[in-house]
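Chains as they are written, first to last, in the numbering used here: chain A, 1 to 382; chain B, 1 to 382.
No lab work stands behind these hints, which were simulated from the structure alone.
Given the structure is predicted, the values throughout are model-derived calculations rather than measurements.
Be aware that a few hints might be false.
Heads up, the list lumps identical chains together, so a pair's fine if it works in one copy or across two of them.
Derived lysine-lysine pairs resembling DSSO-like cross-links, with alpha carbons at most 27 Å apart [as the list claims (entries may be wrong)]:
#1 K292 with K220
#2 K289 with K368
#3 K117 with K78
#4 K297 with K220
#5 K321 with K220
#6 K297 with K373
#7 K289 with K58
Number of protein chains: 2
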Amino acid sequence: MTYEFLGPRRIVTGEGSITSVATEVRSLRGTNPLIVTDGGIAKTDLLKRLTSVLDQEKMPYAVFSDVEPDPGIAVVEKGGKVCVQGDHDLLIAFGGGSSIDAAKVISILVRNKGSVKDFVGVPEFGNDPVPVIAIPTTAGTGSEVTLVAIVTDEAQKLKLVVRSPQILPSTVLLDPTLLTSLPPEMIAYTGMDAFSHAVESFLSVRSNPITEQLALAAVKLIYQSLIPFKENSQDTELASSMLHASCLAGIAFTNSGLGAVHALAHPIGSHYHLSHGLTCALFLHQVLKENKDSALKKYEILLDTIGLSAPGLSAEGSAEKLIEAVGAFMKRLGIPRSLSAMGIKHEVEPLMIEDAMKNRALLSNPKKFDQDKITELLWSIR
Amino acid sequence: MTYEFLGPRRIVTGEGSITSVATEVRSLRGTNPLIVTDGGIAKTDLLKRLTSVLDQEKMPYAVFSDVEPDPGIAVVEKGGKVCVQGDHDLLIAFGGGSSIDAAKVISILVRNKGSVKDFVGVPEFGNDPVPVIAIPTTAGTGSEVTLVAIVTDEAQKLKLVVRSPQILPSTVLLDPTLLTSLPPEMIAYTGMDAFSHAVESFLSVRSNPITEQLALAAVKLIYQSLIPFKENSQDTELASSMLHASCLAGIAFTNSGLGAVHALAHPIGSHYHLSHGLTCALFLHQVLKENKDSALKKYEILLDTIGLSAPGLSAEGSAEKLIEAVGAFMKRLGIPRSLSAMGIKHEVEPLMIEDAMKNRALLSNPKKFDQDKITELLWSIR
């Protein structure tokens with residue numbers, strides 16, 4: 001086994017750590033940051049908490065709040081132009097995965113000629129991106145510690161992936177007080193995104209002893225914290241646990257790769273504009289059933305990690321129990337079991353199959369799935 | 001809490017992975033490596049296994065096998081000269097912590113003017129060190145994944161510490177088949193070095209969620225694998241577990257710092273020329289007792305990690321049980337309990353106290369120890 005490991009750069013944590021943002025901007029030699037966020041956040045007190053710190057420190061800045069969920073090519077390119085026109089030398093990504101992903105791609109565009117499509121895949125570019133400070137306001141995406149960003153090609157209903165160690169954010173601020181007004185569904189969906197990252201990273205054929213430990217730690221933290229956090233979003237200790245778990249899962253999967261859940265979730269997410277965490281959750285149970293025989297030992301370890309192993313249980317029995325426990329966990333979180341339960345009429349289109357089959361994440365899934373199996377799984381969430 | 005995290009660069013693992021050494025040299029653009037090792041290894045088949053790969057690949061190389069345990073300034077500077085004279089462009093550190101540490105410092109000397117003493121502390125130097133490929137032949141030091149190297153100032157009986165992200169080895173080869181002829185005592189002592197790294201890193205006041213998970217994973221692996229590996233060094237699976245554990249502990253402590261055990265172990269080690277793992281083990285039990293009240297919750301987690309937590313046990317009770325379990329673990333490993341048990345007449349000299357008090361590791365110990373306490377602890381191993 002050969003692996004390279006890319007850790008996060010700098011993480012600042014704690015209640016109120018957002019107040020250190022100006023110091024962090026300066027230590028990256030930034031003088032005039034552009035805040036990249038979405039319209040929802042721009043309307044809340046959250047954005048004011050961020051800008052008031054910059055105001056107090058008399059640091060000039062501007063706000064680009066056009067990011068939408070699953071940001072498209074146009075908005076990312078617009079962000080790039082706004083950044084260049086305003087002569088901004090640093091980006092503060094403030095929001096969920098969409099804002100952080102958008103900022104990561106904008107950071108390349110600002111310093112290099114070309115459009116988003118020129119940087120898809122593992123791009124080469126001559127100039128270093130502008131630094132990004134990532135401040136997540138949800139606990140799930142892990143984008144603040146990964147080298148991947150996803151932009152939606154709306155015309156083609158495709159997710160474009162940009163992958164480069166250079167888009168790893170320079171600094172991450174994890175402030176649990178930013179999460180206390182999240183709606184319960186959002187907590188459940190984003191939490192399931194992190195949970196899927198952790199489980200798929202652990203089961204990945206490219207996992208290594210480092211990623212495995214980080215992934216297991218995330219699984220354990222999320223299994224313990226997500227339901228109580230959903231029930232009490234005011235609890236900053238639970239919020240902090242979820243932020244850390246999401247980071248641990250992010251560090252793990254950016255080094256190990258993911259699996260079939262993510263390959264399947266992307267086309268469904270971009271087709272129906274569903275929360276990424278929700279689409280992951282829709283597939284997780286079914287994919288765990290399919291992968292079982294290819295990773296029995298790892299299933300046993302996962303069961304032990306969530307504290308449910310029992311003496312005398314066979315490997316097969318442990319794996320069954322794990323699948324059951326994950327199903328029960330999602331039920332308690334109130335995750336819908338199918339698209340029809342959400343009132344969505346689902347038809348599997350050829351492009352969805354093609355998109356899933358092309359997804360790199362399939363390569364690290366413990367079992368090889370052919371086109372028929374992928375099609376069957378895409379139908380399974382009907 | 002604010003932390004930066006430095007992960008290892010590239011790790012190649014597996015039985016026989018040493019056969020890929022020439023490929024790894026080339027991928028770092030090396031053409032003429034210098035093998036840095038000790039006289040003991042030079043006499044064994046281990047060195048032949050390494051050189052035969054290079055011979056087969058027709059790669060020129062030379063061997064510098066003067067490294068002694070706790071390498072001194074003279075030998076490191078000699079290594080630097082040999083490297084420059086032979087026009088070597090890469091170092092292969094082959095051995096235990098002494099050879100790896102020596103190579104890390106040599107890598108600076110080769111490219112920068114100055115003697116070892118010019119690079120003590122956190123040195124600045126103009127030229128990048130030559131790349132180092134580290135191949136540990138013991139499982140304990142973790143030096144293959146840390147940014148620290150220790151050179152002994154023999155005249156002053158002091159350990160000089162060189163600390164720089166630039167001496168992190170570029171590539172690590174973990175081949176468990178290199179460990180199968182280790183004597184049982186060496187397995188126990190080096191394993192206790194790794195165990196002390198893991199425990200001290202976890203208890204460090206500078207630990208973070210990433211280092212804590214890696215440290216706990218190392219504690220668990222070592223607690224499970226070290227005694228069986230000592231009893232059967234032919235078992236490459238156990239050797240592999242110990243190599244990974246040693247790496248996990250190394251990654252953890254190089255990011256979190258250590259504690260009083262290491263501060264105390266260094267002066268004793270350099271004074272009596274004892275194995276570093278052994279001197280750590282001598283202090284571990286006593287320091288765990290002293291730190292107990294300052295880290296009760298972490299002691300509970302450690303007890304749970306080694307599988308000994310019991311329902312209904314108080315925090316205090318758990319901590320006591322952990323201390324007892326660590327004592328029993330070392331007893332089963334046959335670790336001597338005192339210097340007198342090894343026939344060494346021990347006198348605490350002022351320099352030992354001074355050396356321990358100056359050690360950076362004391363700053364991350366969960367409890368503040370004053371000079372009286374340090375003196376008492378130094379006497380405690382009599």
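Results of checking the hints against the structure:
In the homo-oligomer, the alpha carbons of K292 and K220 lie at most 27 Å apart both inside one protomer (20 Å) and across protomers (26 Å), since each shortest distance falls under that limit. When the C-alpha separation of K289 and K368 is checked against a cutoff of 27 Å, the pair qualifies only within one copy, where the shortest distance is 14 Å, while the shortest distance between copies is 52 Å. Taking the closest pair of Cα atoms, K117 and K78 come within 27 Å of each other only inside a single copy of the chain (14 Å); across copies the shortest separation is 54 Å, beyond that limit. For the homomeric pair K297 and K220, the shortest alpha-carbon distances inside one copy (17 Å) and between copies (17 Å) are both at most 27 Å.
With identical chains, the CA atoms of K321 and K220 are at most 27 Å apart both within one copy (16 Å) and between copies (24 Å). Proximity of K297 to K373 under the C-alpha cut-off of 27 Å is restricted to the intra-copy arrangement: shortest distance 23 Å within a copy versus 47 Å between copies. In this assembly of identical chains, the alpha carbons of K289 and K58 never lie at most 27 Å apart, being 55 Å within a copy and 51 Å across copies at closest.
The earlier numbered hint that this structure contradicts is number 7, and it is the only one.
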